[in-house]
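**Q** Place chain A with the ligands on chain F using the hints.
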Amino acid sequence: MEKPKMALYWCASCGGCEEAVVDLAEKILDVINLVDIVFWPVAVDFKIDDVEKLPDGSIVASLINGGVRLSEHEHVVKLLRRKSKIVVAYGACSSWGGIPGLANLYDKEEILKYVYGDAPSVDNPGGVRPREKHVEEVELELPSFLPRLLPLDVVIDVDYYIPGCPPTPEVTWKALEILLSGNLPPKGSVLGASDRALCYECPLNNTKPDKILLKDIKRPHQVIVDPEKCLLTQELICLGPVTRGGCGALCIKAAMPCTGCFGSLDEVIDYGGKAVSYFASILDYYTEEDVERILDRLPDPMGVFYRYTLPASRLRGKIKTTMR
Amino acid sequence: MREVIINPITRLEGHGKIVVVLDDAGNCIKAYLQVPELRGFEKFAVGRHAEDMPQITPRICGVCPMAHHMASTKTLDDLYKVDPPEPAKKIREMVYNIFMLEDHALHFYILAGPDFIVGPKAPKTERNVIGVIKKVGNEVALKIIGMRKKLRKLNETIAGKVIHPVFGLPGGISRPLSKEVVEEARKISDEAIEFAEFTYKIFKDIVLKNEEYVNLITSEAYTHRTYYMGLVDDKNRVNFYDGKIRVVSPRGLEYAKFDVHQYLDYIAEHVEPWTYIKFPYLKKVGWRGFIDGEDSGIMSVAPLARLNAAEGMATPRAQEAYEEMYSMLGGKPVHHTLANHWARVIEIIYAAERFRELAYDPDIESRDVRKIPTAIPDVGVGVVEAPRGTLIHHYETDERGVIKKANLLVATQHNAARIALSVDKAARSLIKGGVIDEGLLNMVEMAFRAYDPCHACGTHTLPGNLPIKIYIYNTEGQLIKTIERF
Ligand code: SF4
Ligand code: SF4
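Each protein sequence line maps, in turn, to chains F and A. Taking the numbering used here, the leading residue of the first sequence gets 1, the next gets one more, and so forth. Taking the numbering used here, the leading residue of the second sequence gets 325, the next gets one more, and so forth.
Chain F with its partners taken away, still in its complex shape (with noise of 0.2 Å):
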């Protein structure tokens, strides 16, 4: 029997994804038993000419890590959305824009005018820019960087979404497991997480009241915590409670407090506008005054809430465009 065809894509994405998949270690030979990986640039010498030959359809599953970013991404997932049954953003930035989604509170002229001028190392003159098209002894030409990052979604139709920055070997087992056992969840679904709040996989959990008050809000670098106890009751911002789980509480375990890059549970659309009522429900504030020493300790609430999915957010950033 034919085995299954796999393709694996990135876009702006930072390689921790594919260094992920890599991480799989011994089971990556256990992934090749089973399909057949027609294109995955990071590693296999298939090349795009070989996808656009390809059925359309033919594909039974691409794995898209990374936002999209410039012209020629949006070229790349257009045509594997075409080739493939099912279309699965693999990591924070595919699914929600990430990291490099923050850019989307400058629009791109900000972005490009202090990258190639005032940045302090620059010595540019002539205000020499990269551009699209540009003419030495014969056209060069670079792809476009977009006026914004766009989560996958909102470029192609996504079936699946596989969550983390990176999302863990374990998580990614799991989702493979289920993309090939042919029992697939319904679309949409998020693969190879919990659906329950990390908390729920807290070793710190037992430590955590049912009830938590915070008198103040502190910044990771102004306190040593104590690693046993709870880093909420610790004043930290831990965003464990509204955050799905699946990562085993990697950056608690490191006493860190989690900072979200699983995204949210099912149901919730705007992960920080969840996370930021949340924090204000258990704040314990009584007059403006506290309001406002508590909001002082926190003077970049965007990215401390919005972090990982600032592009997906209904806030989108600076630059309103359209949805596609």
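If you're looking for bench data, these hints aren't it; they were derived computationally from the structure. Owing to the predicted nature of the structure, the values given are computational and were not obtained by experimental measurement. In this text, a Cβ means the ideal position worked out from N, Cα and C, and glycines have one as well. Treat the hints loosely; a few may be bogus.
Partner residues aside, some chain F positions facing chain A, computed with beta carbon under 7 Å [claimed, not checked]:
hint, residue
1, Pro100
2, Ala119
3, Asp123
4, Phe145
5, Leu250
6, Cys251
7, Ala255
**A** The following block gives chain A with the ligands in isolation, referenced to the frame of chain F:
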């Protein structure tokens, strides 16, 4: 005029592309390396909490996230004017050497392995990781995979996550090491030494005993006489974690030695309209275009450059290997790009030795790993040697520690101009009279790999093959031929 486009399909169509321009006689007159990658980290850092930067900047590169994490954490020490307790510094440096070891080993076996272990002339079906396994044997292959896994697991335990670590904070690290972790680190460090020795042996047996390889390393096509830059300790020996930045001239003389705070006096970035990458160069020497030599400000970083920029290694076995390399290659500096592989093996030995030294240092058992910063933040600059070269972070904040300005000089960038030189030289020396053969593809591929550039990322291919396709156009712009090498 004709145009040849080499598209490394790896990091697909666009994370690196080469355009070769031919004159009417079919001779190469110019080659461009285009890097179409831009995400704007320096801009969107603005507005963020400074202490979040060690978790934000690793997303620049998930292959070397620890380098950004560490550069960023050190920048925060400087920003908050806080000197971490000795044990914290030692644990950081240990973790960092574990990372360097693991990353270099990946490169040596998986990436360069096919070229040097299997052989540059072996059939391409064997020039991949499977070929490496065949040549070194199953047992050895398992040893390599096993070592990588152990090192990565250890760093996950200490740093929280191996891809995108979280343990670094201004003034130290998030928590002390448990007894079990210390014991485990010691055990693994013993194995690491053995692993490094054995890697060196493989390199000597397979590479150095083969005259053909040695000739290839020293061939003129891969030689550029540029400046070299790297971090050194107070005795001018290579250090990955800390020290002063030292630059030597193409003649091997000290050109500059400076604290990272002065980086803007020495380094500037040049912008070209045909690529998104910026080209750092030595400011006082000046940008003279893509040429090498004493008058051109182009410098090189990464393993060979680090060894050239230093006067030795701080650990005994690495020092021996260092001396061996320079005596075999005829003294310092070595200008042969392909000697980067050799230098990398020497750094593997150093990383393992340094890892072991630190693992057995009683300080790493200490509970004293954090100092809470009290100063008002303002400006911070920090540096480490990433596997691919010098990495500089620079932040300016308001008094609440919110970033107002960020500047990042990333390792691969420092090498970008020299990589462009290598590509240009390979193309010019091979494409003559309209004859374009497979040799070009091989040459270009090998020139790339030696640098292990993140953006060209043929570098991180599992089979170790950089698939390349060349499009050849005639004067009218019609496609007349394509050459593929897959
Ligand atoms: S989700 Fe995280 S690990 Fe994956 S590409 Fe994005 S930044 Fe990298
Ligand atoms: S603890 Fe939170 S931020 Fe850390 S890996 Fe898990 S989900 Fe991601």
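**Q** All the hints need checking, so say for each whether the structure fits it.
**A** Now the hints, each set against the structure:
Taken as an interface hint, Pro100 (chain F) checks out: its beta carbon lies about 5 Å from the nearest beta carbon of chain A, inside 7 Å. Proximity of Ala119 (chain F) to chain A holds as hinted, the smallest CB-CB distance being about 5 Å (cut-off 7 Å). A hinted interface residue such as Asp123 (chain F) counts as satisfied when its beta carbon comes closer than 7 Å to some beta carbon of chain A; here the least separation is about 4 Å, so the hint holds. The criterion of a C-beta within 7 Å of any C-beta in chain A is met by Phe145 (chain F), whose closest approach is roughly 5 Å, and the hint holds.
With a cut of 7 Å, the hint placing Leu250 (chain F) at the interface with chain A holds, because the nearest CB-to-CB distance is about 5 Å. Proximity of Cys251 (chain F) to chain A holds as hinted, the smallest CB-CB distance being about 5 Å (cut-off 7 Å). Taken as an interface hint, Ala255 (chain F) checks out: its beta carbon lies about 4 Å from the nearest beta carbon of chain A, inside 7 Å.
Hint violations for this structure: none, all hints satisfied.
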